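Participant: Below are the chains, spelled out letter by letter.
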Amino acid sequence: GAVVSQHPSRVICKSGTSVKIECRSLDFQATTMFWYRQFPKKSLMLMATSNEGSKATYEQGVEKDKFLINHASLTLSTLTVTSAHPEDSSFYICSAAISGRMPDTQYFGPGTRLTVL
Amino acid sequence: LAKTTQPISMDSYEGQEVNITCSHNNIATNDYITWYQQFPSQGPRFIIQGYKTKVTNEVASLFIPADRKSSTLSLPRVSLSDTAVYYCLVGYSSYKLIFGSGTRLLVRP
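If you're matching them up, the sequences are chains A and B in order. Quick note on my numbering: the first sequence kicks off at 265 and runs consecutively. Quick note on my numbering: the second sequence kicks off at 302 and runs consecutively.
Calculated from the structure, these hints are not laboratory results. Be careful, since some hints might not be right.
No more than 20 Å apart at the CA atoms, straight line, and that leaves these computed lysine to aspartate or glutamate pairs for EDC-like [as the list claims (entries may be wrong)]: (1) A:K306 with B:D383; (2) A:K328 with A:E316; (3) B:K397 with A:E351; (4) B:K355 with B:E318; (5) A:K284 with A:D368; (6) A:K278 with A:E316; (7) A:K319 with A:E351; (8) A:K306 with A:D368; (9) B:K397 with A:E327; (10) A:K305 with B:D383; (11) B:K353 with B:D383; (12) A:K305 with B:D312; (13) A:K305 with A:D368; (14) B:K397 with A:E323; (15) B:K397 with A:D368; (16) B:K304 with A:E323; (17) B:K353 with A:D368.
Selected chain B positions facing chain A (in silico; Cβ < 8 Å) [stated by the list, open to error]: (18) Y314; (19) T335; (20) Q343; (21) P345; (22) F347; (23) Q350; (24) P377; (25) K397; (26) I399; (27) G401; (28) S402; (29) G403.
Here are a few chain B residues that sit away from chain A, every Cβ distance over 10 Å (derived from the structure) [said to hold, decoys possible]: (30) V319; (31) T330; (32) S342; (33) L398.
All of these numbers come straight from a predicted model, not from anything done at the bench. For glycine and all other residues, C-beta sits at the position ideal for the given N, C-alpha and C.
Please work from the sequences and hints to get the whole structure.
Facilitator: Here's what the structure looks like:
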């Protein structure tokens with residue numbers, strides 16, 4: 265149980281294009297999902313907290329107009345990197361917390377490797 | 302948010318028991334302690350979670366003293382496949398988790 269999937273697992277795009285990454289909780293409902301970014305040999309950096317049916321809360325320094333987050337249902341959150349540039353190349357990871365269970369442990373997806381040419 | 306401090310790296314040999322200690326001096330009353338394992342180019346994998354005393358599952362044990370200002374992850378009889386980065390996190394109730402640098406464990410033959 266508590267499986268989180270991400271799609272795609274890796275994507276290569278040209279500079280200036282937009283890329284959408286999906287995060288799904290496969291066997292549980294998640295009121296809250298989180299998006300992280302990780303650079304090589306570095307730790308995970310929280311980008312935003314996404315609550316179903318409401319606007320995401322972004323961490324300081326994360327551009328909300330560049331990283332669009334939509335949490336339309338209790339099992340799906342999407343991150344869209346708009347007008348991607350090479351500096352956006354990174355490993356993007358989502359996590360989901362099980363609704364209604366205490367403690368509400370976060371379970372992580374396998375990550376999406378984004379390469380912007 | 303409770304800040305955590307862990308050793309940056311540890312070395313061990315196959316078959317040994319590995320104990321990784323995490324310091325979290327300003328842990329809040331409602332905070333749980335959770336440990337994750339991460340391999341390169343993969344998302345973190347949940348290992349174990351606890352609030353106080355001792356928790357054991359099929360892969361690890363978690364020891365938490367009464368003051369809860371630290372915790373120790375114990376991996377019995379490690380193998381080469383346990384080489385990974387281990388993160389200790391403290392938090393509560395779907396609140397955001399802040400990852401520290403983690404501990405890079407290298408298991409040698």
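Participant: Run every hint past the structure and note whether it holds.
Facilitator: Tested hints:
| no. | hint | result |
| --- | --- | --- |
| 1 | A:K306 with B:D383 | 19 Å, holds |
| 2 | A:K328 with A:E316 | 17 Å, holds |
| 3 | B:K397 with A:E351 | 25 Å, violated |
| 4 | B:K355 with B:E318 | 17 Å, holds |
| 5 | A:K284 with A:D368 | 27 Å, violated |
| 6 | A:K278 with A:E316 | 31 Å, violated |
| 7 | A:K319 with A:E351 | 25 Å, violated |
| 8 | A:K306 with A:D368 | 26 Å, violated |
| 9 | B:K397 with A:E327 | 18 Å, holds |
| 10 | A:K305 with B:D383 | 17 Å, holds |
| 11 | B:K353 with B:D383 | 25 Å, violated |
| 12 | A:K305 with B:D312 | 18 Å, holds |
| 13 | A:K305 with A:D368 | 28 Å, violated |
| 14 | B:K397 with A:E323 | 10 Å, holds |
| 15 | B:K397 with A:D368 | 11 Å, holds |
| 16 | B:K304 with A:E323 | 17 Å, holds |
| 17 | B:K353 with A:D368 | 16 Å, holds |
| 18 | Y314 | 24 Å, violated |
| 19 | T335 | 6 Å, holds |
| 20 | Q343 | 6 Å, holds |
| 21 | P345 | 5 Å, holds |
| 22 | F347 | 6 Å, holds |
| 23 | Q350 | 6 Å, holds |
| 24 | P377 | 22 Å, violated |
| 25 | K397 | 5 Å, holds |
| 26 | I399 | 7 Å, holds |
| 27 | G401 | 6 Å, holds |
| 28 | S402 | 5 Å, holds |
| 29 | G403 | 6 Å, holds |
| 30 | V319 | 20 Å, holds |
| 31 | T330 | 13 Å, holds |
| 32 | S342 | 7 Å, violated |
| 33 | L398 | 6 Å, violated |
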